[in-house]
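Q: Here the protein sequences come in this chain order: A and B.
Read in numbering that gives the first Met the number 0, the first sequence has 67 at position 68, and its numbers run on one by one without any break.
Read in numbering that gives the first Met the number 0, the second sequence has 129 at position 130, and its numbers run on one by one without any break.
None of these hints come from the bench; they were simulated from the model.
Heads up, a few of these hints could be off.
What the hints assert, rightly or not - With a straight-line cut-off of 25 angstroms between C-alpha atoms, the simulated SDA-like cross-links for lysine to any residue are:
#1 K422(A) / F24(A)
#2 K279(A) / H147(B)
#3 K299(A) / D44(B)
#4 K280(B) / L111(A)
#5 K124(B) / A128(A)
Claimed, not checked - Per the computed footprint, the stretches of chain B lying under chain A, defined by three or more beta-carbons under 8 angstroms from a beta-carbon of chain A, are:
#6 66-75
#7 91-104
#8 199-210
#9 291-299
Yeah, the Cβ is synthetic: ideal placement off N, Cα and C, and Gly gets one too.
There are 2 protein chains.
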Amino acid sequence: MHLDQATSEQLREQESLLREKYTQFQQENLNLDLTRGKPNTAQLDLSNELDGILNDNYVDKTGTDLRNYGGIDGIAEAKALFAKVIGLEPEDMLIGGNGSLPLMYFCAHTALHHGLRGSDSAWSKESTAIKFLAPVPGYDRHFAACEHLGIELIPVDMDGDGPDMDKVEAMVKADADIKGIWCVPRFSNPTGVVYSDETVSRIAKLGNIAGPNFVVFWDNAYAVHAFEEAAPELANIMDCCRAEGTEDNILLFGSTSKITLAGAGVAFLGGSSTNITSLKKNLGYSTIGPDKINQLRHVKFIKDAANLSAHMAKHAKIIKPRFDAVLEKLQDSLGHANMGAWTKPQGGYFVSFDSLPGLAREIVKLASDVGVKLTPAGATFPYGKDPADKNIRLAPTFPSVREIEKAMDVFVVCVQLASIRQKLGE
Amino acid sequence: MHLDQATSEQLREQESLLREKYTQFQQENLNLDLTRGKPNTAQLDLSNELDGILNDNYVDKTGTDLRNYGGIDGIAEAKALFAKVIGLEPEDMLIGGNGSLPLMYFCAHTALHHGLRGSDSAWSKESTAIKFLAPVPGYDRHFAACEHLGIELIPVDMDGDGPDMDKVEAMVKADADIKGIWCVPRFSNPTGVVYSDETVSRIAKLGNIAGPNFVVFWDNAYAVHAFEEAAPELANIMDCCRAEGTEDNILLFGSTSKITLAGAGVAFLGGSSTNITSLKKNLGYSTIGPDKINQLRHVKFIKDAANLSAHMAKHAKIIKPRFDAVLEKLQDSLGHANMGAWTKPQGGYFVSFDSLPGLAREIVKLASDVGVKLTPAGATFPYGKDPADKNIRLAPTFPSVREIEKAMDVFVVCVQLASIRQKLGE
Numbered sequence: 000m001h002l003d004q005a006t007s008e009q010l011r012e013q014e015s016l017l018r019e020k021y022t023q024f025q026q027e028n029l030n031l032d033l034t035r036g037k038p039n040t041a042q043l044d045l046s047n048e049l050d051g052i053l054n055d056n057y058v059d060k061t062g063t064d065l066r067n068y069g070g071i072d073g074i075a076e077a078k079a080l081f082a083k084v085i086g087l088e089p090e091d092m093l094i095g096g097n098g099s100l101p102l103m104y105f106c107a108h109t110a111l112h113h114g115l116r117g118s119d120s121a122w123s124k125e126s127t128a129i130k131f132l133a134p135v136p137g138y139d140r141h142f143a144a145c146e147h148l149g150i151e152l153i154p155v156d157m158d159g160d161g162p163d164m165d166k167v168e169a170m171v172k173a174d175a176d177i178k179g180i181w182c183v184p185r186f187s188n189p190t191g192v193v194y195s196d197e198t199v200s201r202i203a204k205l206g207n208i209a210g211p212n213f214v215v216f217w218d219n220a221y222a223v224h225a226f227e228e229a230a231p232e233l234a235n236i237m238d239c240c241r242a243e244g245t246e247d248n249i250l251l252f253g254s255t256s257k258i259t260l261a262g263a264g265v266a267f268l269g270g271s272s273t274n275i276t277s278l279k280k281n282l283g284y285s286t287i288g289p290d291k292i293n294q295l296r297h298v299k300f301i302k303d304a305a306n307l308s309a310h311m312a313k314h315a316k317i318i319k320p321r322f323d324a325v326l327e328k329l330q331d332s333l334g335h336a337n338m339g340a341w342t343k344p345q346g347g348y349f350v351s352f353d354s355l356p357g358l359a360r361e362i363v364k365l366a367s368d369v370g371v372k373l374t375p376a377g378a379t380f381p382y383g384k385d386p387a388d389k390n391i392r393l394a395p396t397f398p399s400v401r402e403i404e405k406a407m408d409v410f411v412v413c414v415q416l417a418s419i420r421q422k423l424g425e
Numbered sequence: 000m001h002l003d004q005a006t007s008e009q010l011r012e013q014e015s016l017l018r019e020k021y022t023q024f025q026q027e028n029l030n031l032d033l034t035r036g037k038p039n040t041a042q043l044d045l046s047n048e049l050d051g052i053l054n055d056n057y058v059d060k061t062g063t064d065l066r067n068y069g070g071i072d073g074i075a076e077a078k079a080l081f082a083k084v085i086g087l088e089p090e091d092m093l094i095g096g097n098g099s100l101p102l103m104y105f106c107a108h109t110a111l112h113h114g115l116r117g118s119d120s121a122w123s124k125e126s127t128a129i130k131f132l133a134p135v136p137g138y139d140r141h142f143a144a145c146e147h148l149g150i151e152l153i154p155v156d157m158d159g160d161g162p163d164m165d166k167v168e169a170m171v172k173a174d175a176d177i178k179g180i181w182c183v184p185r186f187s188n189p190t191g192v193v194y195s196d197e198t199v200s201r202i203a204k205l206g207n208i209a210g211p212n213f214v215v216f217w218d219n220a221y222a223v224h225a226f227e228e229a230a231p232e233l234a235n236i237m238d239c240c241r242a243e244g245t246e247d248n249i250l251l252f253g254s255t256s257k258i259t260l261a262g263a264g265v266a267f268l269g270g271s272s273t274n275i276t277s278l279k280k281n282l283g284y285s286t287i288g289p290d291k292i293n294q295l296r297h298v299k300f301i302k303d304a305a306n307l308s309a310h311m312a313k314h315a316k317i318i319k320p321r322f323d324a325v326l327e328k329l330q331d332s333l334g335h336a337n338m339g340a341w342t343k344p345q346g347g348y349f350v351s352f353d354s355l356p357g358l359a360r361e362i363v364k365l366a367s368d369v370g371v372k373l374t375p376a377g378a379t380f381p382y383g384k385d386p387a388d389k390n391i392r393l394a395p396t397f398p399s400v401r402e403i404e405k406a407m408d409v410f411v412v413c414v415q416l417a418s419i420r421q422k423l424g425e
C-alpha cells in the first residue's frame with residue numbers, strides 16, 4: 000500500500016489489519032534486540048586461536064621481552080600490520096589498548112587542554128566555547144565523549160557521499176571555535192556511506208580553511224569490513240593531507256574490535272610525526288604503556304594484509320545474510336509505500352532507517368512494547384535530539400537470521416501503523 | 000672508615016685509593032642498570048600459563064560471553080578475587096585494563112573536572128589552585144600525573160610509619176585547596192615502609208578534617224609483595240574509614256603488574272558505592288569497557304587467595320637474594336661510615352638510600368660515568384627537586400645477583416668518593 004495513493008477508507012482498513020497483527024505480536028512474548036553493533040558468536044569464534052597463540056615466545060624482533068614494561072606506543076610488528084589497515088606508514092602509528100574510544104577521548108582531551116603543538120595550541124587557550132561538527136546521523140559515543148569534555152556539537156547533514164561539504168566548509172570558515180569534525184569514513188555508523196573521493200579530498204583541505212589547530216577525527220572503525228570485494232574503496236586521506244600540507248590536521252583511528260574480539264582487541268591511532276610525538280609525550284602521564292602481549296597475539300593471529308582479507312571474508316559470510324534479511328523485509332513491506340527510506344550498506348554494522356518526520360520515537364516505542372528493542376530514537380544525534388524525529392539505527396549483526404526476520408516483521412508493522420495513523424491524523 | 004673519625008690525612012689517602020678503584024671501573028666498560036622497578040625474566044616466566052589458559056571457554060557464571068561488548072566495571076569473578084587483595088567486598092570494586100596509573104589518572108581527572116558527587120563537587124569549582132600532598136620520597140608517576148592535570152604537589156616527609164601525620168593533618172586543616180594525598184601504604188615506593196596501624200587510622204580520619212571532597216589515593220601496588228610471611232601487615236583502611244564515616248574520601252588501587260606480567264596484567268580500583276557508581280558513569284564517556292578476556296585469564300590463573308600467596312612466595316624467592324645483595328654491600332662498605340642511611344624493606348621493589356645532604360646528584364653522575372645507571376637524583380620528589388639532594392632509589396629486581404653485586408661495588412665507591420671529597424671541601 001502506497002501511503003499517498005490510498006483512500007482514507009483503505010488506510011483505515013489497513014490500520015485495522017495492522018492492529019490485529021500487532022496484537023498477535025503482543026501475545027508472542029517476544030524478546031528481540033536490534034540495538035547494539037555487536038558481533039555474534041560465530042564471528043567471535045573466528046578468533047579463538049588468539050588464546051594460546053604465543054607458545055612461550057614473547058620476544059620481538061629486536062630481542063625485547065614484551066612481557067615487561069616499556070614502549071608507550073606499542074610494538075613495531077603491530078605498527079607495521081595496522082598501518083596497512085588505515086593506509087599509513089608504521090612510523091605514523093601508535094598502538095593502544097583494547098578500544099579506540101579511549102584513544103579518541105585522549106586525543107580530544109589532549110588537544111583541548113594541553114595542545115598538540117605545545118601548550119599555546121590548546122583549544123582551551125583560544126576559547127571557552129569549543130565546538131565540533133557532528134555529521135548526522137552519527138555515532139553516539141563520539142558525541143558523548145565531546146559532551147563530557149565540554150565541547151559543543153554542531154550537527155551537519157550526511158548525504159550519500161559523506162558530510163555535506165558545502166555546509167562543513169561554510170561552518171568552519173564562519174566559526175573559529177569549531178576545532179574538529181567526527182568522521183566514520185567507510186561504512187559510516189549508521190548510514191553505511193563510504194565517503195566519496197571528492198569528499199575525502201575536501202576534508203583534507205579543511206585544515207587550510209579552519210586554521211592550524213583544527214583536527215579531523217577520522218574513525219575508520221570499519222576500514223576492512225566490506226560484505227564483498229566490490230564494495231567501494233576509501234581514498235587515502237593522509238595522502239591528500241600531505242599534498243595539502245594539512246597532515247597535522249588529522250588523526251586516524253581504528254581497532255580490531257570487529258575483526259577479532261569486541262572489547263579484547265587492539266586499537267590504533269595514526270597521524271603526522273608532529274602529532275604522534277606530541278601524543279606519545281602526553282600519553283606518558285596517564286599510562287605506563289599498552290598491553291603489548293595482546294598486541295603480539297594479534298600480530299601472530301592476523302599475520303598480514305592477505306590473511307586479514309581472508310579473515311574478513313569469513314565475517315562477511317556470517318553477517319551478510321543478516322543484512323539481506325533486514326533489507327528484504329524492508330523492501331517487501333515498505334518498498335513502494337512512501338513510509339520511509341533506508342540505506343543499503345555494502346559493509347559495516349548498521350542499516351539506517353528514516354521514517355516519515357515525527358515518527359521515529361513512536362515506532363521505537365511501538366516495537367519496544369511488543370518486545371523488539373531498537374536503538375532509542377535520537378541516539379544518532381548529538382544530545383539525543385533528532386530534529387525531524389525520523390532516524391532509527393538498525394543493528395542486525397548479533398541476532399540470528401530468524402530472529403532478525405521476526406524483529407523486522409514487527410518493525411515494518413510498527414512503521415506502517417505509525418505512518419498510517421499519522422496520515423489519518425490520529 | 001668512619002667519615003667523622005678519620006683525620007684529613009686518612010681521608011686523603013682513602014680518596015686516592017677510591018680514585019684508583021674508580022679508574023678500574025672505568026676500564027671495565029660496565030653497562031648496569033638499577034633504575035626501573037621491573038620484574039626479571041624468571042618472575043615473568045611464573046605467569047606463562049596465562050596464554051592458552053582459556054580452552055575456548057569464554058562464558059562467565061551468568062552465561063555471558065566475555066568476548067563481546069558489555070560491562071564497564073569488569074567481570075564479577077575478577078571483582079571477587081581482587082577485592083581480597085585490597086581488603087574490600089566485590090561490590091566495592093571496578094576492574095580495569097592493564098595498568099593502575101590510567102585508573103588513578105582517570106579518578107583524579109574526574110574528581111577535578113566532573114566531581115565524584117555530582118558536578119558541584121568538582122575540585123575545579125572550588126578553586127583554580129588545587130593541591131595534593133606528596134609524601135616524599137615517593138613515586139614519580141603519581142607526581143607527573145598531578146602535574147599534567149595542573150594539580151600542585153606539596154611534599155610532606157615520610158618516616159618509618161608512613162607520612163608525617165602531624166604535618167599532614169596541620170596542612171589539610173590550614174589549606175582547603177589540598178584535595179588529595181598519594182599513599183603507597185605497603186612497601187612504599189621507594190622506602191619500603193609499611194604504614195603503621197596508627198598512621199592508617201589517622202589517614203582514615205582526614206576526610207573529617209579536610210572536608211567532603213578530599214580523596215586519599217591509596218595505591219596499594221605492593222599489597223601482596225612481601226619477601227617473607229613475617230612481613231608487617233597493613234591495617235584495612237576501608238574498615239577504618241567506614242567507622243569514621245569517611246568511606247567516600249578514599250579510592251584504593253592495585254594491579255597484577257608485579258604479580259603476573261608488567262604491562263599485560265589487570266588493574267583494579269576500589270571505593271565506596273557512591274564513588275564506584277559515580278566513576279562508572281564517568282568512565283563510560285571514554286571507554287566501552289575493559290579487556291574482560293584478560294581478566295578471565297587472570298581469574299583462571301590466580302584462582303584464589305591461597306594460590307596467590309603461593310605464587311607470590313615464588314616471586315619472593317627470586318627477588319629476595321637481589322635485595323640481600325644490595326643490603327650486604329651497603330652494610331659491608333657503609334655500615335659504620337656515616338656516609339648515608341638506607342631502608343631495609345621486607346617487600347616491594349626498592350631500597351631507598353639517603354646520602355649526606357647535597358651528594359645524590361654527584362653520586363648518580365659518578366656511577367653513570369662508569370656505566371652504572373641509577374634513577375636520576377630528585378626523581379622521587381615532585382618536580383624532580385629533592386631539596387636536600389640526598390635521596391637515591393635503588394631498584395634491584397631486574398638485574399642478576401652478580402650484576403647487582405658489581406653495580407653495588409661501584410655504587411658504594413661513588414658514595415665514599417663523594418662523601419670524602421665533600422668532607423675534604425673539594
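Q: With reference to the structure, classify each hint as holding or not holding.
A: The hints, checked one at a time:
About 23 angstroms separates the Cα atoms of K422(A) and F24(A), which keeps this hinted pair within 25 angstroms; it holds. Between the alpha carbons of K279(A) and H147(B) the distance comes to roughly 14 angstroms, so the proposed pair stays at or under 25 angstroms and holds. Between K299(A) and D44(B), the direct Cα distance comes to roughly 20 angstroms. Compliance with the 25 angstroms bound is thereby established for this hinted pair. Annotation: proposed proximity of K280(B) to L111(A) holds, straight-line Cα distance about 22 angstroms (limit 25 angstroms).
This hinted pair checks out: K124(B) and A128(A) have alpha carbons roughly 18 angstroms apart, not beyond 25 angstroms. Here the segment 66-75 of chain B counts 4 residues with a CB under 8 angstroms from a CB of chain A, which clears the bar of 3, and the coverage holds. Chain A is given as covering the segment 91-104 of chain B, and this holds because 6 residues of the stretch bring a CB closer than 8 angstroms to a CB of that chain, at least three being needed. Only residues whose C-beta sits within less than 8 angstroms of a C-beta in chain A count toward coverage, and the segment 199-210 of chain B has 0 of them, not enough to reach three; the restraint is violated.
Residues of the segment 291-299 of chain B with a Cβ under 8 angstroms from some Cβ of chain A number 4, which satisfies the need for three, so the listed coverage holds.
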